[in-house]
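Asker: Sequence:
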Amino acid sequence: MTSQTALQVPPISPHHVLARCRELVEPALKEAVQSLHPWPRLMGSFALGWCDAEGTPGASGGGKGVRQALAVVGAEAVGAPVGAGVAGAVAVELVHAFSLVHDDIMDGDERRRHGASAWKAFGTGPAVLAGDALFALAVETLAGAGGGRSAAAVRHLAGALRELVAGQSDDLLFEDRPWTGPGAVGMAEYEAMAAGKTGSLLGCALALGPVLGGAPPLVVDALARAGRHLGVAFQAVDDLLGIWGDPGATGKPVHGDLLRGKKTLPVLAALAADRPAGRRLAALLGPAAPLDAAGARHAAGLVEEAGGRDVALAQARRHAAAARECLHGVPLAPRATDELLALTAFLLERRL
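So in the working numbering, spot 261 of the sequence shown is number 261, and the numbers just go up one at a time.
Check the hints yourself; a few may be wrong.
Derived Cβ-Cβ restraints for the label pairs, each shown as a range [claimed, not checked]:
hint : residue 1 : residue 2 : range
1    : A19       : G55       : 21 to 29 Å
2    : Q34       : L284      : 35 to 43 Å
3    : H37       : S169      : 39 to 47 Å
4    : A192      : G125      : 30 to 38 Å
5    : L218      : V128      : 33 to 41 Å
6    : H114      : A283      : 30 to 38 Å
7    : G183      : A136      : 49 to 57 Å
8    : S35       : P334      : 45 to 53 Å
9    : V82       : P126      : 34 to 42 Å
10   : P57       : P182      : 49 to 57 Å
11   : R149      : R335      : 20 to 28 Å
12   : E31       : G329      : 35 to 43 Å
13   : G261      : P217      : 41 to 49 Å
14   : R149      : D292      : 49 to 57 Å
Derived lysine-lysine pairs resembling BS3-like cross-links, with alpha carbons at most 30 Å apart [said to hold, decoys possible]:
hint : residue 1 : residue 2
15   : K262      : K120
16   : K64       : K120
17   : K64       : K30
18   : K64       : K262
19   : K120      : K30
Since the hints were made in silico from the structure, they are not lab data. Computed from a predicted model, the values in this text were never measured in an experiment. Each residue gets a CB set at the ideal place from its N, CA and C atoms; glycine is no exception.
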């Protein structure tokens with residue numbers, strides 16, 4: 001007699017899902033980038049992690065590919081053709097690369113994926129040009145992908161980009177606002193910013209394949225909402241890594257966000273807490289000069305003591321749970337749903 005254990009389906013590995021989707025998407029993504037003018041082609045390939053600044057292949061291997069995986073599996077979840085998921089994934093990956101290139105310029109970040117950022121390697125003007133080329137290529141990819149549904153896909157991407165720009169605008173404006181007092185950034189404001197800056201593109205990633213595949217609007221909307229929740233969870237974990245992340249894993253300096261004075265969820269939550277550590281943190285951040293390495297280390301300890309780290313992790317878990325509810329609320333292919341749930345757990349595990 002066959003045991004119950006033998007009948008159980010093995011747990012899905014998110015790393016396997018990411019690798020499978022990368023194998024599907026990367027050839028089409030490289031083919032698209034190959035169509036660019038040689039200069040932005042080189043810079044775009046560098047930004048995507050395929051080569052170094054001289055064009056030698058294999059510099060960094062690129063990122064994890066979460067967004068492209070969401071696009072592929074989102075299409076599979078509604079039974080859309082493979083081509084719909086791949087086209088959506090290529091467009092989303094190009095937009096993500098474009099946003100990182102410009103984001104590094106705006107933030108003055110010199111490092112990306114354990115190497116120089118695009119603007120540091122090529123200069124600010126050329127990096128802006130490379131980002132623009134990647135963005136234009138994303139729109140062109142969708143416009144030629146879905147026949148009669150391509151217009152709807154382009155509109156969906158344009159809406160996500162509008163939200164992304166709004167979220168990025170707030171993120172930059174937050175840096176000039178005080179840590180405490182009437183003009184301080186509130187937790188609700190932060191969450192709205194994160195939904196735009198990060199949630200919009202993850203929501204778009206999950207929805208584009210279904211849009212190109214002709215899925216019902218109710219299903220498309222549920223997947224988009226799931227992706228937005230995942231984006232807010234992703235940003236919360238990113239904020240944790242921005243303070244406590246291992247530079248060997250993140251490619252960025254420890255306590256980097258504190259050194260820059262960036263308004264992130266753990267710090268805002270610590271300041272909002274009515275605890276002595278939060279009040280000491282407010283005095284430390286104050287209107288004085290930016291923190292040095294020792295000050296940032298002290299601030300990180302105060303953030304954790306005041307509960308900011310726990311609040312950020314709790315918010316990430318809450319939004320991940322909301323994403324799961326969205327996925328369970330509409331009819332989706334069971335295997336694809338399981339893979340999306342595995343990717344959701346993977347996003348939360350990007351923590352210390």
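Asker: With reference to the structure, classify each hint as holding or not holding.
Answerer: Hint-by-hint comparison with the structure:
1. A19 / G55: 21 to 29 Å: Holds: the Cβ-Cβ distance is about 25 Å, inside 21 to 29 Å.
2. Q34 / L284: 35 to 43 Å: Check failed, 50 Å falls outside 35 to 43 Å.
3. H37 / S169: 39 to 47 Å: violated, 29 Å
4. A192 / G125: 30 to 38 Å: Roughly 32 Å apart at Cβ, these two residues keep to the hinted range, so it holds.
5. L218 / V128: 33 to 41 Å: holds, 39 Å
6. H114 / A283: 30 to 38 Å: holds, 36 Å
7. G183 / A136: 49 to 57 Å: violated, 38 Å
8. S35 / P334: 45 to 53 Å: violated, 38 Å
9. V82 / P126: 34 to 42 Å: Cβ of V82 to Cβ of P126: about 35 Å, so the range 34 to 42 Å holds.
10. P57 / P182: 49 to 57 Å: holds, 53 Å
11. R149 / R335: 20 to 28 Å: holds, 24 Å
12. E31 / G329: 35 to 43 Å: holds, 36 Å
13. G261 / P217: 41 to 49 Å: Because 43 Å falls inside the window, the suggested range holds.
14. R149 / D292: 49 to 57 Å: With a Cβ separation near 54 Å, R149 and D292 satisfy 49 to 57 Å, so the hint holds.
15. K262 / K120: Holds. K262 to K120 sits at ~21 Å (cutoff 30 Å).
16. K64 / K120: It holds: about 22 Å lies between the C-alpha atoms, which stays within 30 Å.
17. K64 / K30: holds, 16 Å
18. K64 / K262: Within the cut-off at roughly 24 Å; holds.
19. K120 / K30: Holds, because 23 Å separates the two Cα atoms, which is no more than 30 Å.
In terms of the numbered hints stated before, the structure departs from hints 2, 3, 7 and 8, listed from lowest to highest.
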